[in-house]
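Trainee: Given next are the chains, with one letter for each unit.
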Amino acid sequence: MYRYDEFDHRLLSQRIDQFRDQVARRLSGQLDEDAFRPLRLRNGVYLQLNAYMLRVNIPYGLLSSVQMRRLADIAERYDRGYGHFSTRQNIQFNWPRLVDIPDMLAALAEVEMHAMQSSGNCIRNITADHLAGIAADEVADPRPYCEIIRQWSTLHPEFSFLPRKFKIAVSGASRDRAAVHVHDIGIRIVRNEAGETGFHILVGGGLGRTPVIGKTLREFLPEADLLSYLEAVLRVYNRHGRRDNKYKARIKILVNDLGIEAFAALVEEEWQRLRHSALRLGRADIERMKAHFPRPDYLPPANDTSEYEALRRDDPAFGRWARNAVFSHRQPGYGIVMVSLKRSGRPTGDMRADEMRAMARLADEYGFGEIRVTHRQNLVLPDVPLHRLPSLWRELAALDLATPNHGLLSDIIACPGMDYCSLATARSIPVAQAIAERFEDLDYLHDIGDLSLNISGCINSCAHHNVANIGILGVDKRGQEVYQITLGGSSGDDASIGKRIGPALPAEKVPEAIEGIVDAFLAEREGDERFIDTYRRVGDQPFKERVYA
Amino acid sequence: MTASVITASSLALGHVVYLRLEGACCRWLSDIQAATLLKEEDLDAALARAAEAVAENEIIDPYAVAVEIRDGRIEPLSLRERIRAHGPTTGDAKIALSRSAA
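Order-wise, the sequence lines are chains A and B. Take the first sequence: its letter number 415 is residue 432 in the working numbering, and every next letter is one higher. Take the second sequence: its letter number 49 is residue 47 in the working numbering, and every next letter is one higher.
Keep in mind that the hints were calculated from the coordinates and are not lab data. Hints may contain errors.
[What the hints assert, rightly or not] To give a feel for the contact side, a few chain B residues facing chain A, derived at Cβ under 8 Å: (1) SER7; (2) ALA10; (3) LEU11; (4) GLY12; (5) VAL14; (6) THR34; (7) LYS37; (8) LEU41; (9) ILE72; (10) SER76; (11) ARG82; (12) GLY85; (13) THR87; (14) THR88.
Just so it is clear, CB atoms sit at the ideal spot from N, CA and C, and this is done for glycine as well.
The following block holds chain A by itself, in its conformation from the complex:
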C-alpha cells in the first residue's frame, strides 16, 4: 500500500496542529459555531443526533493490520468500543468527544490515516473495487490511480469550496464492483484497440432525492491525461454548479441542466488549457505509484489441499461458506475471502474493537497483513492460501465472522439511520435486523440466490437504496416511521434505479412485505434467474399483488 513520505507526514502533522488550535479556539469562544462548522466538517467531524461523529478515510478501502489495530485502540480509548464501516469504504466513530478528536487524529496519523475531506464540500474519499489487484477479471489495478487522484485532490486549493460534496469511484475490472455509475465521477480502466491503458469517464451519477445513472463523458481518456481531465471537470462544476440551493448543487444537476454534450464541450474547452500542464502524468509518475502496490510474495500453490477439498465436499457448513464467501484469486493456490459484517442481532457494518484486533491477527496469520473494506459494508481478507481456508473458517466462525450471506438477501446495506444520524427521518437498523431475522434460514437464503437489499433512513440514500434490487426508504409521516419499497435497482454494470411499488408501510409490516416479494419472485422465476432478472422480465405487478393484497 502507499507509504507516506516526509511530505505526507508533515502535511498531516500541520493539519492536526491546525485543527487542535481550531478546537481550542472554538471551546474558548474565539470561533463561534458558524465559523467552526466548516472547519470541523473538513476534518471529518459531524454533530449527529446523540454525539459528534468522526469519519475516518480508508483510501480505496485498503487497510493494513497495523491500521486496523489502531482503529481498535481508538474505538476503545476514545469511543464506545466499536466502529461502523460505511458505504464509502470509510469507518465512523459515533461517540467521540470534541476535546479528544485532535488526539484521535494524532493517533491515526501515526499509522498513516486521517479524516481530511471525509466530509464537507470537497472531493471525498476515493473509492474502488475491493478486489483491486487480485481479481481474475482485472484490466489493471485501480489503486495506483486512486492514490494519484487522492494526492491531487487533498487540500486542492481550487476545490476546497465546491458547490457540494464530490465523490469519485474507480473500477479496474471488466465487472464493476465500485458502483461507478452512481458517482459524481466514475472511472473505469479500459484498454483501447492498440492495447493502451486509459479510462472510460462517467459523470453525473448519484443517488439521494434525484437518483441518476452517470453518463459517458469520455469513452477513452489516455492514462497521461487523468489528472488534467479531472481538473477540467471539477473546474467546470466549480464554476457552473449551483450554490443557491443545497438540493440542486451536485454535479448531476448541472449535467442534467446543460445536457451531456454541452457539459462535455465545456470540459473539453477547459481541458485544452490544462492538457499539457504540470498535471500531465509521465510514465515515471505512474510507475512510481505502481511501485507502492507490488504483488505480494505469493508462494507456489500448496501440494496438499486435501483437507480443504475434503471439508468442502463433506462438511455442509464449510462447503456453503467456501462456495459463498471464497472468490477466485488471480494467483493460483490463493482465494479471496469475504468476511460478512451482516450478523444476526448486530447492526450492519459495525465491528467491535476486539473483532478488529482479531481481523488484524487473521490478516497477518493468513495473508500479507492486508484487509479490504467493501462499499457493501463488509471486509475482505485478500490473499489466503487455499489449503489454509479450513483453519481460517474455524477461526472466523468462532468470531461470528463466517456468515455465508455474501450477495444474498441478508447481506443488507443499512445506513445508521435515526438511531444515530441527525438527517434521518426513520430508523434503518431495526428494520434491517427484523428482515435478517425473518430470513435467517441459510437454505432459503441460498435458494433465493443473488439479491441486494438496502435500507436508507432518509432521502439522502447513504445506503444506496435507489440501486438495490429491493430498496427500502424510511420516511416520517406525521410523526410515524413508514417505509417505501422500491424494486429493480442495480448498482453494477447494468445499473438501474429502483421503482417504488406502492404506499409506504409501517415498520412492522416490512419483513412480511419482503417475504411476499420473495414469494412472488420464487413463483415467477424461470430456471436459475436472479431476482433482478425475473423482475425485469415480469415487471412489478406480481410483487405489488403480494405486498398490497
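Got chain A; can you put chain B on it based on the hints?
Mentor: Relative to chain A, chain B alone:
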C-alpha cells in the same frame, strides 16, 4: 400532562444535555429525568438562558422538546427525541450515559 424541556448538545463532549434551572443557576445534565419541566409561557425565558450557555461555549443548538409525564417519568413525545434521551434503540451502543453534569 404535556410540557417541554430544553435540550442541546454539549460543545466539548458532544452528548445530549437537558436544561435544569436551579434559581439563578442553570445546569446542563445528561439525564432527561433531571430536566426542568416548562410550560409554554416559560419557554422564551428558558431559551434565553440557553442562549447564554451558547455564548459561554457550554452548549450548542438548544431547542425545546415536547414531553409528557408517563408513570412519573419524563418522556419525549417524538421518537427522535426519545432516541436522543435514551440512546440508539439497537446494537453495540448500550448506552450508559453518565448522569453527571455535562
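Trainee: Against this structure, judge whether each hint is valid.
Mentor: Evaluation of the provided hints:
1. SER7: Constraint on B/SER7 satisfied, holds at 6 Å.
2. ALA10: 5 Å, holds
3. LEU11: Result: holds, 5 Å to nearest chain A Cβ.
4. GLY12: It holds, given that the least Cβ distance between B/GLY12 and chain A is near 4 Å, below 8 Å.
5. VAL14: With a closest approach of 6 Å, the B/VAL14 hint holds.
6. THR34: 21 Å, violated
7. LYS37: 22 Å, violated
8. LEU41: With a minimum Cβ separation of about 20 Å from chain A (threshold 8 Å), the hint on B/LEU41 is violated.
9. ILE72: 18 Å, violated
10. SER76: With Cβ-Cβ at 6 Å, under 8 Å, it holds.
11. ARG82: Holds, because the Cβ-Cβ distance from B/ARG82 to chain A comes to roughly 6 Å (cut-off 8 Å).
12. GLY85: 6 Å, holds
13. THR87: 6 Å, holds
14. THR88: 5 Å, holds
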